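Q: In order, the protein sequence lines correspond to chains A and B. Just so we're aligned: 44 in the numbering used here is position 44 of the first sequence, and the numbers increase by one with no gaps anywhere. Just so we're aligned: 124 in the numbering used here is position 124 of the second sequence, and the numbers increase by one with no gaps anywhere.
No lab work stands behind these hints: they were computed from the structure. It should be emphasised that the depicted structure is a prediction, and the values quoted were computed from it without experimental measurement. One should not assume that every hint holds.
Below are the BS3-like pairs computed for lysine-lysine, each with C-alpha atoms no more than 30 Å apart in a straight line [unchecked claim]:
1. A:Lys76 with B:Lys157
2. B:Lys103 with A:Lys357
3. A:Lys357 with B:Lys101
4. B:Lys103 with B:Lys52
5. B:Lys52 with A:Lys344
6. B:Lys77 with A:Lys70
7. A:Lys70 with A:Lys32
8. B:Lys103 with B:Lys77
9. A:Lys76 with B:Lys23
10. B:Lys23 with B:Lys52
11. A:Lys191 with B:Lys23
12. B:Lys77 with B:Lys52
13. B:Lys103 with B:Lys15
14. B:Lys23 with A:Lys344
15. B:Lys15 with A:Lys76
So the chains spell out like this:
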Amino acid sequence: MVENEVRLLPDDDGSWRLEAYLRQGGYQAARKALTAMAPEAVVAEVCGAVIRGRGGAGFPAGRKWGFIPKDATRPKYLCVNADEGEPGTFKDRLILLRSPHALLEGMLIAAFGVGIRTAFIYLRGEYAGLAARLEEAIAEARAAGYLGPRVLGTEFGLDVVVHPGAGAYICGEETALLESVEGRRGQPRVKPPFPATVGLFRSPTVINNVETLAAVPGIIAHGASWFLGRGLPTDGGTRLFGVSGAVRRPGVYELAVGTPLRTIIEVHAGGPPGGRSIKAVVPGGLSAPILLPEELDVAMDVDSLAKAGSMLGSAGIVVIPDGTPMLDVLQVTARFYAHESCGKCTPCRIGTSWIFKTVDRIRSAGGGPEDLDLILRLADGIRGRTLCPFGEGAALPIRALVTKFRDELEQAVAR
Amino acid sequence: MTFTPSPAALERIEKTIALYPEKLAAILPVLHIIQESSGYIPRDAEAWVAVKLAVEPVRVREILSFYTMFRRVPGGKHTLRVCRNLSCSLAGAEDILDFIKDKLGIGPGETTPDGVIALVAVECLGNCDHAPCLQVNGVDRGPVTRETVAAIIEELKAHG
Chain A
1 MVENEVRLLP
11 DDDGSWRLEA
21 YLRQGGYQAA
31 RKALTAMAPE
41 AVVAEVCGAV
51 IRGRGGAGFP
61 AGRKWGFIPK
71 DATRPKYLCV
81 NADEGEPGTF
91 KDRLILLRSP
101 HALLEGMLIA
111 AFGVGIRTAF
121 IYLRGEYAGL
131 AARLEEAIAE
141 ARAAGYLGPR
151 VLGTEFGLDV
161 VVHPGAGAYI
171 CGEETALLES
181 VEGRRGQPRV
191 KPPFPATVGL
201 FRSPTVINNV
211 ETLAAVPGII
221 AHGASWFLGR
231 GLPTDGGTRL
241 FGVSGAVRRP
251 GVYELAVGTP
261 LRTIIEVHAG
271 GPPGGRSIKA
281 VVPGGLSAPI
291 LLPEELDVAM
301 DVDSLAKAGS
311 MLGSAGIVVI
321 PDGTPMLDVL
331 QVTARFYAHE
341 SCGKCTPCRI
351 GTSWIFKTVD
361 RIRSAGGGPE
371 DLDLILRLAD
381 GIRGRTLCPF
391 GEGAALPIRA
401 LVTKFRDELE
411 QAVAR
Chain B
1 MTFTPSPAAL
11 ERIEKTIALY
21 PEKLAAILPV
31 LHIIQESSGY
41 IPRDAEAWVA
51 VKLAVEPVRV
61 REILSFYTMF
71 RRVPGGKHTL
81 RVCRNLSCSL
91 AGAEDILDFI
101 KDKLGIGPGE
111 TTPDGVIALV
121 AVECLGNCDH
131 APCLQVNGVD
141 RGPVTRETVA
151 AIIEELKAHG
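Whole structure, please, built from the sequences with the hints as guidance.
A: Below is the structure:
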């Protein structure tokens, strides 16, 4: 458990100002990187910290930075993925609210390491209310010389633009995000080429999640081994675990990567309220296949969740209490993916919509085991047949719900 | 009739376009600025944006028909966005939504006949520790109850 240590997320809401951030040693890591380290050393340090992407894919951030070609002639770009749309996820919102300068400092370090001079923050449309504070933090940083043409008096410069989304879950997918910044529909691109070589405006591009970048100053300030020691050797650091649903203390908890799911729910979030018990848990945002009460001792790291047949994803934990009709959970899940499929790949566009229609039909008019088989067949028809991970993200949780709660669902829809 | 943005909106639009290496990239923020000042994206504004960004009008239309936050028809003076995803539904979002529908006499996607309140049912607003949650003109509220929602609606109606 991490207490009274360097924290990613300050507790009080007034801490977002530059002055407060500087009092906690803010921008010292950027100063160290820009004035005392070579760019390659910065990338090497972040590689050594094994910080795995906090957006959902879990790819090591340092390695991602290392893919950017050294001899690129085009300008390179940094895109911050602040399109936090994975249902059950609300951690990046808190970073943007309470610690925007940690994000900006992380961006500065990433940009210096990779040789980037322009960055875009893709802020989901529904977070427009956070834009003003973010813009103000950027203005504070620029006025104090932490952003702009000559950062900290060095030759290095970085400009930051906040780019507003407009309501499309798919734009959290990195190539859809690039399309959206370029001014088109957010529909994923064919990979390869990967964004590291052909990304934004056809240039080499780094795309990182808000939390990933906000953790970078700590890595540079205290070193890769410090960061690694706070988590697991294969998955370093602490993470922000968001807990919602049936718990006494819903909220975001900063804990070591690898903390058991049951500990997060029972100890930190206080477990289910007043005599309720847990029926199931979504461990990493809606796209993460559901876990049963006997599966909650799993360690919350990328590899352990994958082994358990689920996904750490965005680490947004949703606790479903006893008495919840799983047909309702299935309906909410199916509706979400049908609504958010971008329409580019036919198996996903048609599959998610048929699944939703089937769920809706059996929910209102009843059905039989063959309807549940149909849903499974449709889910399997999506898997592996889409350009982006949205297809898997829709098929796997639906499959898990139907498989793990088959008896209950059959009874619920029996005519 | 051709669309003309207000001088203030035009100034913001020009500044926004200058932030990007390619004009088309400014389309989302530009459309947000127009919707903020006009309440929706009028048909004439689509053509205006196309000319401004030097693209075919279809480029603007395909954006408007893809991103759910843009409106091509006038909405309400106030907008209620009610979350109905998992965390909120566990906390009674459907009941809250039914209560609002009943209270306003309209369904999601509709606006009260007096044009005061538009109701939108949305997926996750990323405010799950405050479930059930909603947004009133973009401002987060939650956890809400039937009582707090009733008070919000009364307040919006009083503002007219």
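Q: All hints, please: hold or fail.
A: Tested hints:
Distance check on the hinted pair: Lys76 of chain A and Lys157 of chain B sit about 50 Å apart at the alpha-carbon level, beyond 30 Å; violated. Distance hint between Lys103 of chain B and Lys357 of chain A is fulfilled; the C-alpha atoms sit about 28 Å from each other, no more than 30 Å. Proximity of Lys357 of chain A to Lys101 of chain B is assessed by CA-CA distance (about 23 Å); at most 30 Å being required, the pair is judged to hold. Under the criterion of a C-alpha separation no larger than 30 Å, the hint pairing Lys103 of chain B with Lys52 of chain B is inconsistent with the structure, at around 43 Å.
The hinted pair formed by Lys52 of chain B and Lys344 of chain A meets the criterion: a straight-line CA distance of about 28 Å does not exceed 30 Å. Restraint check for Lys77 of chain B and Lys70 of chain A: not satisfied, since their Cα atoms lie roughly 52 Å apart, outside the 30 Å limit. Proposed proximity of Lys70 of chain A and Lys32 of chain A is supported: the alpha carbons are some 22 Å apart, at most 30 Å. Distance hint between Lys103 of chain B and Lys77 of chain B is fulfilled; the C-alpha atoms sit about 17 Å from each other, no more than 30 Å.
A threshold of 30 Å between alpha carbons decides the hint, and for Lys76 of chain A with Lys23 of chain B the separation of about 18 Å falls inside it, so the pair holds. Between the alpha carbons of Lys23 of chain B and Lys52 of chain B the distance comes to roughly 9 Å, so the proposed pair stays at or under 30 Å and holds. Our distance criterion of 30 Å between C-alpha atoms is met by Lys191 of chain A and Lys23 of chain B, whose separation comes to about 25 Å. The straight-line distance between the Cα atoms of Lys77 of chain B and Lys52 of chain B is roughly 28 Å, inside the 30 Å bound, and the hint therefore holds.
Using a Cα cut-off of 30 Å, the hinted pair Lys103 of chain B and Lys15 of chain B is violated, with the two alpha carbons roughly 42 Å apart. Of the supplied pair hints, the one linking Lys23 of chain B and Lys344 of chain A holds, its CA atoms being roughly 25 Å apart against a limit of 30 Å. Only pairs whose Cα atoms come within 30 Å are accepted, and Lys15 of chain B paired with Lys76 of chain A is accepted, the gap being roughly 22 Å.
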